[in-house]
Amino acid sequence: MDEQSQGSARSWMPGEPSPDVLAEELALASLERRLFDRRSPALVLDRYVLLEKIGAGGLGVVFRAYDPHLDRRVALKLLRLREGTDEAEASRLLDEARLMARISHPNVVTIHDVGTYQRADLGLAAHREQALGIPVPGVFLVMELMECSLREVMRRRPPAREIVALLIDAARGLVAAHERGIVHRDCKPGNVLIGSDGRARIGDFGLACGAEVLGQAAEGAAEGAAEGAAPGGQSVRAGTPAYMAPEQLRGSPADARSDQYSFALTGYVALYQMHPFAAGRDPSGPLPVPPTTAASKVPRRIHAILRRALQADPAARFADMGTLLRELESVARERTRRRVLVGGAGLLTAGLLALAWAEPAPEPCAQAGTAIDRVWHDDARKRLRSSFAASGAPFAASSQPSVEHALDTYALRWREARHEACTDTHVRRVQSEAELDLRSACLERRRLEFGEVVGLLHDADDVVVASAMPVVQGMGWIDACADPLLRGVARLPDDLTARRKVLRAWQQLGRAHMLERAGRYVEATALVRSVRQDAAGPADPSLLAAVDVRQGSIAARRGDYEQAKAWLLQGIQRAEAIREDALAVDGWIRLLWVAGVELQDEQGEVWAGFARAALDRLGDDPMRHAQLEHNFGGVAYVEHRLGDALAHYQRALQTQQRLLDEDDPRIARTLNHIANVLLMMDEPERALGYARRSLGIRERVLGEQHPQVAASLNNIASAQLASARGAAQLAVARATVERSLSITAGRDLPQASVARTLEQRVRQRLEHAALPEPEGG
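Per our numbering, the sequence shown runs over residues 179 to 955.
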């Protein structure tokens, strides 16, 4: 059974999809946060991978999505084309969207891509579009992904100066659009969007009448029909009635002054926390007086600006949005001057408050995540390419781009995770400083491990190049750092010297892990022993437990399974004693493989029960569930419970295809394992299909001369040999074997031994059938 000893690689698995498979797919795809380029083949439109539904309504749906070509997260907005829309109207609609996409302004949400789609374009998600609320046919817009909207900001009732700063940003965006002849048509709090930098952008431009615009889709009824309706029941096809100007409600076309009215209404609602024309009030009537408590917090000049822009007669409003913007900016500057003039001890505080009034506060987490750039940068990429080229491995040139892309993706995910950890404490304020410290410690361990991987690959020989993808895939799961149950790291010492010592020890342990996966067992063992000596004593019991588990894993790789079992049991006992559940689970999962597969002892089922119980206690961790399920498959295989083994590996394949990129080598490995089982079950035709799929992935990602390609070729040859009925079919099998032998020639590889055995079997079959051997044999 080829490759089965790679028990530590991440994979997991299922047969039939669950009844709630759509929700499962979206939830699991959200875990893409760990590697953005891992596409979920069941949820793809065009090239965009749908990750999570973030808004929905009767008119369309919004997804958080991933663009694998440009390696970034985006918002994918799907709008329903109005029934009866002809090709010319759809084309005009796209032309308008493309015009908006040409607006390049810091206060306008960037549109990256637009297009139309039909049911056939939804790929594997086509039969599920109804459950997902995807309108068909429709228009898609790929937009800059924002953090939140003014509507969410309003809920925490911020001071007026913060609201006004955001309104000034939004006004600048509207001015930029109007200067290009574009009318928004749907300005409201939900369409004033705030990015991670704190800057507001105007977004969700109405696309005229060619589409039933997603005006309410991402916001529900709060800003929709529940707050207002067109008079006389007439249909309003673009915009939100509660925020429309009176002329829009009468059915007249929207223009720049209609946007001005909607903008002022948005500002009124945001500042006073009330809608002036709620409960059936006539929007063409006088503006009501806001409550005294609210009015006292809003400058009178701001109120006067809003009152003028909210005049029912468009001619009575400001001449244009630019004039309104200048009035708002004048108020902000005036209040800044007044506050700066406050004397005495309050001068500095007043000045800072004034600055906060005029502009959004600086992003406190702007630099969070940049530490990864000290490890992975353009020079590091060049060194990687040079190292691979100098290794002499025949597959180096073809596998290097895949390795580099995997490192790019991991670095991006780390950067975003570190920034997210910071903003949870200092911006969203949903996390304590102590919790931030724990998350940061976990992420710092991941960064140090990443640095060790980069360093190892910078000095790669042909053996390391062959193991490069398993090494990269062996790095810690970044998303675990956001979950207190999964991160498996104690708080770092407050003392700076002690903290550095602990981090250094974890860094060395991470390097030992990478050396182990690269096949450098002697170096890995020496490094682990060094860490053990430095960590001796009760100072860091979690580190000692991790050392035991790592030493047991290395011993297993070297074939010393009894010693591996002893180390793993000791590590598990240490981890259980200090309630390091994540580390204990890792030990149990590895022990299951060593005891149940390699040693085949009678307690295999006992170890399996302990592993399952530990993982259940830890909670929802799909990555570790994957590893455990994989090892169950290995145990079932060696015990000749082939039906059980097949079920485990099929479950592995299904889940891997949800979580990983479609060309991930771990998927190729699982496909090859399924082929192994099917060959043992005497189903060579089914085995052939799985082995060929495995081969295709490995050729694309690793290169045609990689040893793992030979492993897939061996299974293909086995299937061809098992189903061969004549000389021609046997010749095909022999050609496959010869290709495998050409890859492994001169190398001491297990794939070479398997290929030689297959070659002998082909010759015996030819002789037994008394058939003449093909020419050239």
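None of these hints come from the bench; they were simulated from the model. Quantities reported herein were computed from a predicted structural model and do not represent experimental measurements. Incorrect hints may have been included.
[Said to hold, decoys possible] As a list, the in silico EDC-like pairs of lysine to aspartate or glutamate whose alpha-carbon atoms are at most 16 Å apart:
(1) K679 with D712
(2) K231 with E325
(3) K560 with D586
(4) K475 with E340
[Claimed, not checked] Computed Cβ-Cβ distance ranges for the label pairs, DEER-style:
(5) S931 with P579: 29 to 37 Å
(6) P492 with M452: 39 to 47 Å
(7) D249 with P928: 30 to 38 Å
(8) P579 with A913: 26 to 34 Å
(9) E611 with E357: 40 to 48 Å
(10) P336 with D249: 28 to 36 Å
(11) Q296 with R757: 51 to 59 Å
(12) E611 with S430: 41 to 49 Å
C-beta: ideal position from N, C-alpha, C; glycine also.
The hints, checked one at a time:
no. : hint                       : in the structure
1   : K679 with D712             : holds (9 Å)
2   : K231 with E325             : holds (14 Å)
3   : K560 with D586             : holds (13 Å)
4   : K475 with E340             : holds (12 Å)
5   : S931 with P579: 29 to 37 Å : holds (31 Å)
6   : P492 with M452: 39 to 47 Å : violated (24 Å)
7   : D249 with P928: 30 to 38 Å : holds (36 Å)
8   : P579 with A913: 26 to 34 Å : holds (29 Å)
9   : E611 with E357: 40 to 48 Å : holds (45 Å)
10  : P336 with D249: 28 to 36 Å : holds (34 Å)
11  : Q296 with R757: 51 to 59 Å : holds (54 Å)
12  : E611 with S430: 41 to 49 Å : violated (55 Å)
Going through the hint list in order, the structure does not satisfy hints 6, 12.
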